[in-house]
Amino acid sequence: MQQKLRQVFQSIRIANTVLFLVVLCAIFGTLPPDLNFLSFTPQSIFRSPWFCLLLGYLAVSMLWLAFIRTARVLSRQPNDFSPPSNRESLPFIQEVVLPAGRCGRLNSFGNAVLQVIKAYGYRAFAQNKSESEYSFYAAKNSLGYWGSPLVHFGFVMVLAGGLLTFLFSDVRDLSIREGETVDIVYAQAKVKLEKFSVVLYPSRLEPEQYVSRLLIRDKEGRVWREDLKVNHPLMIGGTKFFQMRYQIEIPGLELVAYRQGLPVEAVPLKLGERKPLEQVPIAVEVKEVLPDFAISAAGKAESRSPYFRNPAVLVSVYDPPQSAVAAKKVWVFPDLVSHDSQKSDELQFTFRKLKKRYSSGIKLSRDPGVLFAYSGFLFLILGTFISGFIIPRALTGCLRLHPDQGKFMIEILGHPAKDRYGFERELKALGNAMTRIKLEAAS
Amino acid sequence: MMTGILILGYLFFGILSFLAFAATRSKVLFYASVLSGLVTLAVHGVVIFKRGITAGHVPWTNTYETLILFGFLIIVLYFLTLIRYRTVGLGGFAGVVVAFLLALTSLLSPEIEPLLPSLKSNWLLFHVLSAFIGYSAFAVAFGSAALFLIIDVVGKFSGKTNVDATLAYFDWLTYRLIAIGFPFLTLGIATGAIWANESWGRYWNWDPKETCAFITWLIYAICLHMRNVDELKGKPAAWLALFGFATVIFTYFGVNFWLASLHAYA
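Line order of the protein sequences matches chains L and E.
Sequential numbering from 1 applies to the first sequence in this note's numbering.
Sequential numbering from 1 applies to the second sequence in this note's numbering.
These aren't lab readings, by the way, just hints derived from the structure by calculation.
For glycine and all other residues, C-beta sits at the position ideal for the given N, C-alpha and C.
Some hints here could point you the wrong way.
A few chain L residues facing chain E, derived, Cβ under 10 Å [said to hold, decoys possible]:
| no. | residue |
| --- | --- |
| 1 | ALA26 |
| 2 | ASP173 |
| 3 | GLN348 |
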């Protein structure tokens, strides 16, 4: 039973199948949320027990593998150059035949060969020295063996972080109006939004930053101010505050009616409120506010930006005041009154005292999973880079007297490596370098 | 104008690379392809640098800019592969793919826009750059896998003796390129998650872009695992590399244009 369980969690085929199933689930989860299959939305698959079970299998399997591989790396002796277990390729053999020249002794030439191999970054050790044979081991990039355990352990850490986040995180969205104070119990602080500003790029319409000026009072009674900006979260009482979005409310304005260029009456109005005028038998209602009025190419009124650069309000005029349908609708500006060349009794409108109030959208987050997830990311990054770029290479070699007297023969056997063709090239270069050393030694 | 010149340059480079690959003994064609590629790449680099200087920020903040960066990195990755492994045939794919990517920029506004508040972060540099280095390695791996499949089909009819060795080489090269791209994709996803936590208060939101990046990561993880199973080397691995690159393209374009995402500005 134990053996079978071990096989299940060690099997690369099962791992690949589970990874593929996770891919399928994730593809399903990206479908638009308005598609409902079997009474659940696509996004809900990420919280389904089946998906969690797949991730659970991966976590156990990867943890198991990480431990096995870590134990294997730790138990590896510095001069242990047994071939790695992967089945990438057959060993490479490079033979170099060298004239013995004046080097004479096999051992001294063997030492020179080790120096050449060391120059290529290998740790090289002589294994067996005799009059007729000189064998050696060499290896480099042993750090590369850590890649796989780190990747698998990192993924487990990320999953553990995700689980902690899923179970224990507290993430809330908050909307605070300017001037409003909110008692955030779990941050043990009272927070007042003094002012919200949209900072624009110089002489442009695009926002550069959203800033909430907060007045904070903590449980000890300390009071201080902080600017909360996008990408610059604040930590208050163990809770992180994030600047998210904003809204503008229009609490009210004052509509001014003109006749023949002279003000007739001013009436305070709320958005959507219908009020009769006292001096004229009509009623008015403000339906819509555009912060930056413009006429589109299609001839429709629209706002160029969310900023109050050219505000306009849509006024519905009811004549008589009780009528259900507006007699006319006009766009009204704060400082524009049209004057007809022929004086008429038709009413014109402007508005003033447009009150606007910002609400700042703030996210509050307490997430115990972040530390785990970040540690996992670190291991994942380290592990994948080590696996991808630091590829262990090991070789064994033997130096013998060539059947033709007066010559040496070096046989180098490269152990299987992920970077097969790069290793082959290096073995050839090593062979060439050995030939050169002989010539130098001979001279 | 400059984009048009780059497209022509890369098409020319791609054709020369294919010809150099077909005529393996022609050094003239090989050097001509290298020279044309390097000249076009230099011009491409200048275009990116000038845009960065003009914009006053890193020039990879929207789809238009990242397309230009993506093309540049693919050619850089190709030349690094060429220096190490002498595989000129991949240049043909790289040239054609980059010309196509640059042609897509004509559908987008080239105007330099100031950064949105959420993009004003140092993480932008690492997140986008590392993700696109990964994507570029996968693009070159796509070329290698495609060459594998083409040689597999053509080789059967040609009756050449060294087809198996060539296939083994391209199979291995595809794997190596994926192994190089994978850490960068991991770095891109991890830095993106950290940035999301700084910006949106959550390091993972199962946003379509995030989910698609995760799918891409898983597919390439499967590709890497497949090296340990003999029966899954060769053709299955090549097909999965092609599918992996299709998911890269969907993650890059599909999510931006078809799915509602927090990454809408990308």
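Hint check results:
no. : hint   : result
1   : ALA26  : 5 Å, holds
2   : ASP173 : 9 Å, holds
3   : GLN348 : 39 Å, violated
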